[in-house]
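Novice: One line per chain: the protein sequences are A and B, in this order.
Numbers 1 to 205, taken from the numbering used here, label the letters of the first sequence in order.
Numbers 1 to 205, taken from the numbering used here, label the letters of the second sequence in order.
Treat the hints with care, since some could be wrong.
Same chains, same names: a pair is fine if it fits in one copy or spans any two.
Claimed, not checked - Calculated pairs, DMTMM-like style, for lysine to aspartate or glutamate (alpha carbon to alpha carbon, straight line, at most 20 Å):
hint, residue 1, residue 2
1, K65, E81
2, K14, D112
3, K20, D106
4, K143, E11
5, K143, E123
Simulated from the structure, these hints should not be mistaken for laboratory data.
There are 2 protein chains.
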Amino acid sequence: MSAPDETARDERHKARMQRKKAVVDAKIAEASAERGLLLVNSGNGKGKSSAAFGMLARTLGHGLKAGVVQFIKGAASTGEEAFFRRFPDEVRYFVMGEGFTWETQDRQRDIDKAEQAWAVARELLQDPEIALVVLDELNIALKYGYLQLDTVLADIAARPPLQHVVVTGRGALPGLIEAADTVSEIGLVKHAFQAGVKAQRGVEF
Amino acid sequence: MSAPDETARDERHKARMQRKKAVVDAKIAEASAERGLLLVNSGNGKGKSSAAFGMLARTLGHGLKAGVVQFIKGAASTGEEAFFRRFPDEVRYFVMGEGFTWETQDRQRDIDKAEQAWAVARELLQDPEIALVVLDELNIALKYGYLQLDTVLADIAARPPLQHVVVTGRGALPGLIEAADTVSEIGLVKHAFQAGVKAQRGVEF
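Can you build the whole structure from these sequences, using the hints too?
Specialist: This is the structure:
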């Protein structure tokens, strides 16, 4: 581009960005409520649990405490568990599941495990010292009917007013989505697994 | 349900889960390649950067090292930055952007900043000690043309064979998606911001 073209482009860019800034600033000014949020990360793509653990890191960065209950995964020790267990004063970390349900093939056993996990989750949801509760793979336990949605929603609704909760897992139930403040649907565009690449340390586990 | 119904339901569940386990086990057996992956987290929903930082935690949990370059965000200090800077021997953390582009409104300045950031990213992409490189909001810099996709893809392709790279940000370019191994599109189902809730500490920053 010639110099005048370049200048014109820069001017258009500046004008567009000024308009965008005005819109964003106005939205921020409007949004003023301060309260704990219920977030749901669902969908078939990769990143539902990872995003919850990123929020956990963010919470610790603010000097706040957090709790984690893993409902289904956890027979295998994972990288995030090894990492966040380094901070026992800041993170209460509970691995309650014993492998995916297709590993166990025993429905009553899965129900019992899910109920034990929910008892632990309820304790975290009653503790005002805990700024964030991660309920990892809870959606799976709800989808298979191992836990009742009504019970789960009632306990979440009764939590301390500034506590955030993030629920992960495929197949979030409509009632949970209805109750949530923020819902992300993580879609699979493509996955290395489809191309014959095995699960990689640091990426998948 | 009566007891016989319950038993029949448990049996059906077991049979279904046995079939599912067989399918999953076969897929795992097929997937055998061991190599560094290029992951892209795009879309309009919440969780793109959080998922990358969750992977970072996972990487550290395996005793590996990582590097982060934040391309656009970062004028404000965020929770994840405060947290991961606690581990200077394990994480090389660079905040190169100075606010979103609609804050600066100066195209040439943004290009210069993006090029400086890429020089840092290239160093990480040449370091075999680094198991994971997070290129946070790189998609924004590419979308606005602050960096050239060809240059970026060439540097990523030339990295050590076992190094993983995760790129975040809305509007991933088709050429990047084409080059990637795993791509997640994070869709916005709903967001608390739309309901007048302001950005919350530990959730949004």
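Novice: I want to check one pair: K65 and E81. Are their C-alpha atoms no more than 20 Å apart within a copy, between two copies, both, or neither?
Specialist: This pair counts as both: shortest intra-copy Cα distance 16 Å, inter-copy 17 Å.
Novice: With 20 Å as the alpha-carbon cut-off, assign the pair K20 and D106 to within, between, both or neither.
Specialist: between (55 Å within a copy, 13 Å between copies)
Novice: Classify it for me, K14 with D112: is the Cα-Cα distance of at most 20 Å met within a copy, between copies, both or neither?
Specialist: between (60 Å within a copy, 16 Å between copies)
Novice: 20 Å Cα cut-off: does K143 pair with E123 within a copy, between copies, both or neither?
Specialist: neither (22 Å within a copy, 45 Å between copies)
Novice: Have a look at K143 and E11 and pick one of within, between, both or neither, based on CA distance no larger than 20 Å.
Specialist: Between copies only: 18 Å across, 53 Å inside.
Hint check: a violation occurs at hint 5 only; the rest are consistent with the structure.
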